[in-house]
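Q: What follows is the residue order along each chain.
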Amino acid sequence: MSTSKFEDHLWREFVHEHGDDLAQLSRPATRHTLRRPRLVAGAGLCLAGGATALALILSATSAPAFAVTRNSNGTVTVTINQIAGVSGANTELAALGVNARAVPIVQGCTATLQQLLPKRTSSVILLPKRTSSVIYPHGSRSVTIEPSRIPAGDTLVLAVVQSTGVLQILVGMVHRGAVPRCLALPLWSENGLNAIP
Amino acid sequence: MREGSGGSALLEFERIYRDNVGVVTSFFARRCSDPQTVADLTSETIVRAAAGFAGFDPRRGTPRAWLSGIAGHVYAQHCANTASGRDAVTRLAGLVILAPEEIDELMERIDAQRAGQELLERCAALSPLERAAVELVDLDGLTPKEAAAVLGVSRGVLRMRLSRARERLRKEHHVDEQV
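Protein sequences, first through last, are from chains A and B. Anchor point for the first sequence: position 102 equals 102 in our numbering, and the numbering is continuous, going up by one each time. Count along the second sequence starting at 1, add 1000, and that's the number in our numbering.
It should be emphasised that the hints constitute simulated quantities derived from the structure, not laboratory data. Mixed in with the good hints, there may be bad ones.
To be verified - Okay, the calculated beta carbon distance ranges per label pair:
#1 B:A1099 with A:R149: 28 to 38 Å
#2 A:R149 with B:E1121: 40 to 50 Å
#3 A:K5 with B:L1011: 19 to 29 Å
#4 B:K1145 with A:K5: 24 to 34 Å
#5 A:S72 with B:A1099: 29 to 39 Å
#6 A:G97 with B:A1112: 49 to 59 Å
#7 A:N73 with B:D1019: 34 to 44 Å
#8 B:R1168 with A:T110: 15 to 25 Å
#9 A:G74 with B:A1099: 48 to 58 Å
#10 A:S72 with B:K1145: 50 to 60 Å
#11 B:A1112 with A:G74: 47 to 57 Å
Claimed, not checked - Not everything, but these chain A residues come out facing chain B in the computed CB check (under 8 Å):
#12 W11
#13 G19
#14 G108
#15 V179
Cβ atoms here follow ideal geometry from the backbone N, Cα and C, with glycine treated the same way.
Build out the structure end to end from the sequences listed, making use of the hints.
A: Right, here's the structure in full:
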């Protein structure tokens, strides 16, 4: 299929920035194994693109699926490297008495982000930008929470999505009421993410 | 394939790129009127695809379906950030600096997608799943099997929803013509 000038240009830029790393990538044999390479933190190749660092995680080593750490200033840092780490992270958060829950976005769930949206939309924290005094993201898989700023009776919900091997804590929102075990895949539309009007 | 063969992953990724980047660009051209935004979101999709390429298994879905799913997530995040007053593509700023002829080319692409935009507008009354099914199959050219994989539903559900959506669009179009 022929590509346009823009698409040729984009490919040249991409190869210039990331080609060496992709060229060194070992892809799994597709005919003889169903095992996917494990994606975990620690062996990502960080590639700089101009003033902007674009992290491409192209290989894998062993690292914990999650980490929950109480910091000396009372904040709690949550890192989730794999969807499989959500449950363990939630157990740790509960043990620390933090009203926060990570909720995976997975296929087949019926609960939507929209159902969790509070009336005051300022409580929706879109990651990975720092926008709130409640939660501070570090990259796409780690956030620091200030538990004391979560209103009593509310739960800070961290929506976690893993797409094509890349995990991201996508949205944080303060929610009152029952928290679903999982959330539906967000569908896109001309109005944007269904959950975020 | 490819294990330990230096450069083959890049060649394979380039083939996937060449075969499918047009679909990705058109996906964003239907939604954005600014060529730079179309370029940035397309770039973001390709970078994310490269990030996940080690785990991409073609037996679990075609490259087109895989890229369409990534594009959907990229657009969703872009809209979410835009809705909150933040610039979703800040981190890509400067990555792709468009030449005037590339801007013209993308403007033509945006214009060419006007019919697609209109179809999406007509789909506003459909459910999100039906709307996405119509777009993926009727505009992006994915097979129902590919679209089902992108949307995380069974082929049966996808076919049923697609059929229902098309029928509803046909009826509405018929009513419009009579009016």
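Q: Now look at each hint and say whether the structure bears it out.
A: Verification of the supplied hints:
1. B:A1099 with A:R149: 28 to 38 Å: With Cβ atoms ~47 Å apart, the hint is violated.
2. A:R149 with B:E1121: 40 to 50 Å: holds, 41 Å
3. A:K5 with B:L1011: 19 to 29 Å: holds, 22 Å
4. B:K1145 with A:K5: 24 to 34 Å: Cβ of K1145 (chain B) to Cβ of K5 (chain A): about 33 Å, so the range 24 to 34 Å holds.
5. A:S72 with B:A1099: 29 to 39 Å: Check failed, 52 Å falls outside 29 to 39 Å.
6. A:G97 with B:A1112: 49 to 59 Å: Holds - the Cβ-Cβ distance for G97 (chain A) and A1112 (chain B), about 56 Å, lies within 49 to 59 Å.
7. A:N73 with B:D1019: 34 to 44 Å: violated, 51 Å
8. B:R1168 with A:T110: 15 to 25 Å: For R1168 (chain B) and T110 (chain A) the Cβ distance comes to about 22 Å; the hint holds.
9. A:G74 with B:A1099: 48 to 58 Å: This hint holds: roughly 52 Å between Cβ atoms.
10. A:S72 with B:K1145: 50 to 60 Å: Cβ of S72 (chain A) to Cβ of K1145 (chain B): about 53 Å, so the range 50 to 60 Å holds.
11. B:A1112 with A:G74: 47 to 57 Å: holds, 55 Å
12. W11: Holds. Min distance 6 Å.
13. G19: Nearest chain B Cβ about 6 Å off; hint holds.
14. G108: Holds: closest Cβ of chain B sits about 7 Å from G108 (chain A), inside 8 Å.
15. V179: Since chain B brings no Cβ nearer than about 20 Å to V179 (chain A), farther than 8 Å, the hint is violated.
Comparing the model with each numbered hint stated earlier shows that hints 1, 5, 7 and 15 do not hold.
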